[in-house]
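Peer 1: Here is what each chain is made of, one letter per residue.
2 protein chains.
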Amino acid sequence: MAKKNKSALEEKKGISISEITNSSSIKSIQNKRKVEVDTNTLIASILNKDITALSRAITLVESKNPKHLEKANATIKGCLPHANKSIRIGITGVPGVGKSTFIETFGKYLTSLGKRVAVLAIDPTSTITKGSILGDKTRMEELVKDENAFIRPSASGDSLGGVARKTRESIILCEAAGFDVIIIETVGVGQSETTVHSMVDFFLLLKLAGAGDELQGIKRGIMEMADAIAINKADGDNLKHARLAKVEFNRALHLYPEKESEWQPKVTLCSALHNEGIDAIWKIILDYIQLTTKNTYFQAKRNDQNKFWLIQTIENQLKSDFFNAPKIKKELIKQLQLIEDNKTTPFAAAYYLLKL
Amino acid sequence: MAKKNKSALEEKKGISISEITNSSSIKSIQNKRKVEVDTNTLIASILNKDITALSRAITLVESKNPKHLEKANATIKGCLPHANKSIRIGITGVPGVGKSTFIETFGKYLTSLGKRVAVLAIDPTSTITKGSILGDKTRMEELVKDENAFIRPSASGDSLGGVARKTRESIILCEAAGFDVIIIETVGVGQSETTVHSMVDFFLLLKLAGAGDELQGIKRGIMEMADAIAINKADGDNLKHARLAKVEFNRALHLYPEKESEWQPKVTLCSALHNEGIDAIWKIILDYIQLTTKNTYFQAKRNDQNKFWLIQTIENQLKSDFFNAPKIKKELIKQLQLIEDNKTTPFAAAYYLLKL
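Those protein sequence lines, which keep their order, are chains X and P. First residue of the first sequence? That's 1 in full-length UniProt numbering, and the numbers climb one at a time after it. First residue of the second sequence? That's 1 in full-length UniProt numbering, and the numbers climb one at a time after it.
No lab work stands behind these hints: they were computed from the structure. Careful: at least some of the hints might be erroneous.
For chains that are exact copies, the list does not tell them apart, and a pair is met inside one copy or across any two.
Claimed, not checked - In silico lysine-lysine, DSSO-like type, Cα no more than 27 Å apart, as pairs:
1) 259 - 329
2) 307 - 77
3) 85 - 329
4) 85 - 145
5) 307 - 71
6) 319 - 307
7) 85 - 49
8) 49 - 327
9) 329 - 319
10) 67 - 240
11) 108 - 327
12) 67 - 355
13) 77 - 145
14) 115 - 301
15) 64 - 145
16) 108 - 246
17) 145 - 329
18) 294 - 240
19) 259 - 319
20) 77 - 240
21) 330 - 77
22) 319 - 67
23) 283 - 294
24) 240 - 85
Isolated chain X (complex conformation) (with noise of 0.2 Å):
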C-alpha cells in the first residue's frame, strides 16, 4: 500500500503509516483540496475579499492547462456581476520615468483615502523574455505591505493578445474582490498602449521634463490616447525645465481635434519622490468620471471595449486559424514571390490561398 500511494504525506520508506495518513484520511485531505478549488466556494471567498483566493483565481485565468480554463471561465462568469464598478486607469510611460514610484505613492494616497488598489501588469516583453514589470515588488515597498493594496505582475503568454485576455478578466475578479481603482501598468513597447487603452477609462501618460524638444520622438499615437499628461520628477533643478514642458505639451494637445469624451486632456507636475501633485492626479480623474459619466460617454466607452475585445478575438481566431494552416504557409511564400516578380496580383493571391 505504501508503494501504491506515492504522496508526500508518506514520510519514510520501512515507517508505519500513522493513523493520519491512513487511507480515509488521504480521502478526507483529497476532498478537502477539491472543496479548496470548488469554483463557488472560490467566488463566495473572492466576493469576501479574501487576496488568497483572488490570487488563485488569476492563477486559474492565467493557467495554460485545459481543465484550469473551464474552472477560471465559471468563476469569472460567477464574478461577473460584481464587476464593473472601480475606476481603470492606464499608466505608461518610458523606462526610467519612475512608473514603479508613482504608483507606489499614488496607491498608498488613494488607500489613504480609504481606497482598495489593485495593480496588474501588461508587459508584451515578458512573453518574450518571460520575464515581468512589477516582477519586482520590491520596487513598491510601500505599497506591497499596505493591506488595502494588491498587486500582480504581467501574465507572461505566447502573445499580446493572449496577455490581454488575461489582463482583461484579472480586472474582473479584482472588482469583484472590491477593489475600487484598478491600475494597469505598461511599458511602452509595442503595441502595449493600445491594448492597454482599450481595456481602461482613463489614460495617464507619465513624462520626464528634458532639454527642450518634448515632443520629439514621442510615439505615435500615444499623445492621442492621453487623457493626462504627468511630467515626473518636477522638483529641485528639473522644476523650470518641467514648467517649459507643460507649456509645450499643452500647446501639442490643443491641436488635437475635440475628443469624443468632450475631455480636454490635462497636463500636471508630479513628484512621486516627494509626494507632489499626486492629489492633483486624482483630482483631475474623478473630473474626468463626473464628466463623462454626466454625458454617459463612460459606460459607452465601456461597452465599446467590449465589443472591441468580442470582435478582435474573433477575428484573431480566424487569422491564426488560416494563417498557421501548414498548406497555407507553404502556399503564402509562394504566391509572395510570384507577386514580387510581377505574375499575380495580391487580390488574386488572396483569392487562390482563400480557395485552398
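Given chain X's structure and the hints, the job is docking chain P onto it.
Peer 2: Relative to the frame of chain X, chain P by itself:
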C-alpha cells in the same frame, strides 16, 4: 424569321430583310464582337497605348458580372509584366481646397514635359451615393482634351475595399498602357486617405491657409502620411497667411519621428489657378523618388503594399464570411446583450460564436 431575330438591325415590321441582315451576316457580326473582347487582343491593344482598350479593360475590372471577372483577371495577368513602371502619386484634401484645379494644372505641366498622365480616384462616398468624384470631367476641361492624359472617375462598389481593389488593378492597366505618372485623387472622408496611401509611392496633402490655427481639426494620421503638404491658393491677399501656415506646418512636421523612408516631408506654396509653384512640387517628388530609389525604400514599400493587400484581402474575406453567416448575425446580437448585462465576457462570447 423577322419575329425570331428580334434585332436592332431590323428596322420595321413588314419591311423585308435586306441581304446584309441575313443570318450569315448576323453570325459574322457576332463573331466580330467576340473578337473585340478577346483577351489577347485587348492586352495587345493596351500595350499599344490604345485608350479605348484601356477603358474597356477597366470597365471589365469594375464589372460585377462573374464572366467579366475571369476576363478581367486574364487581362491583368497579361498586363502585369509591363506594369510597375510609373510614379504613383496620391493627392488628398478637403472639398474646396481646389483639388480639380490642382490636378488639371499639375497634369498639364507633366504632359508639357512629355509625360503621360492617368488620373484615377477613390471616393468612399460614391459607394453610398453611387455618385463619384472626377465624375464631372468638365472640371478638368484642358486635361480631358489632352491626348497624353487619361481621366477615369472613381469606381463605385459595395465597400471601400472593393473600390480599392478595382483602383489597384486599374493602376496596373494604366501602367501597361504606358502612363508614366498615375495620380490617385481622394476626398478626405472615412478611411479613403489610408487606402490611397497604401497604393501610392508619394502622398501629397493639399491645404488652404486660413486665419491661423492651421493644425486645429486636421484629421488624425493624415499629417503622418504626407510626404509633402502643398498650401494651395497662395496668391494675392492670401500669400501672407499661406507663408505663416507654411511655418506652422513645418514646425508640426518636425514633431514626428523620422520616417522609415528617411525623407523629411516638405511644405510648399502653390497657386494652381495661376500656375505657380507647380514645378516645385514635381521637383520635390523627383527628389523623393531619387532618395528612396537610392536607399531601396521605394521598392521595399511597393513590396510591403503588395503584401498588405494580399493579407488584407484574405482577412476581409474571412471576416465577412464569418460575420455574414445568418446564424452568427443572430447570435452576435444576443451575445452582445449578454455582455452588457454582465452575464458573459467578450472572450467567452467570442469562443461561443467561433464554436458555432
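Peer 1: A separate judgement is required for each hint: does it hold in the structure or not?
Peer 2: Cross-check of the supplied hints:
1. 259 - 329: neither (42 Å within a copy, 31 Å between copies)
2. 307 - 77: within (17 Å within a copy, 41 Å between copies)
3. 85 - 329: neither (44 Å within a copy, 30 Å between copies)
4. 85 - 145: For residue 85 and residue 145, only the intra-copy Cα distance (24 Å) is at most 27 Å; the inter-copy one is 67 Å.
5. 307 - 71: Intra 24 Å, inter 41 Å, cutoff 27 Å: intra-copy only.
6. 319 - 307: both (18 Å within a copy, 15 Å between copies)
7. 85 - 49: within (14 Å within a copy, 67 Å between copies)
8. 49 - 327: The answer is neither: 50 Å in one copy and 41 Å across copies each exceed 27 Å.
9. 329 - 319: Classified as both; 12 Å inside a copy, 19 Å across copies.
10. 67 - 240: neither (57 Å within a copy, 71 Å between copies)
11. 108 - 327: neither (55 Å within a copy, 50 Å between copies)
12. 67 - 355: between (36 Å within a copy, 18 Å between copies)
13. 77 - 145: neither (30 Å within a copy, 69 Å between copies)
14. 115 - 301: Within one copy only: 23 Å inside a chain, 51 Å across chains, cut-off 27 Å.
15. 64 - 145: Answer is neither; intra-copy 30 Å and inter-copy 68 Å both fail.
16. 108 - 246: Within. Shortest intra-copy distance 25 Å satisfies the 27 Å Cα cut-off; inter-copy 49 Å does not.
17. 145 - 329: neither (50 Å within a copy, 50 Å between copies)
18. 294 - 240: neither (37 Å within a copy, 44 Å between copies)
19. 259 - 319: neither (32 Å within a copy, 29 Å between copies)
20. 77 - 240: neither (51 Å within a copy, 64 Å between copies)
21. 330 - 77: Cα proximity of residue 330 and residue 77: across copies only (22 Å, versus 40 Å in one copy).
22. 319 - 67: within (25 Å within a copy, 30 Å between copies)
23. 283 - 294: within (17 Å within a copy, 54 Å between copies)
24. 240 - 85: neither (40 Å within a copy, 55 Å between copies)
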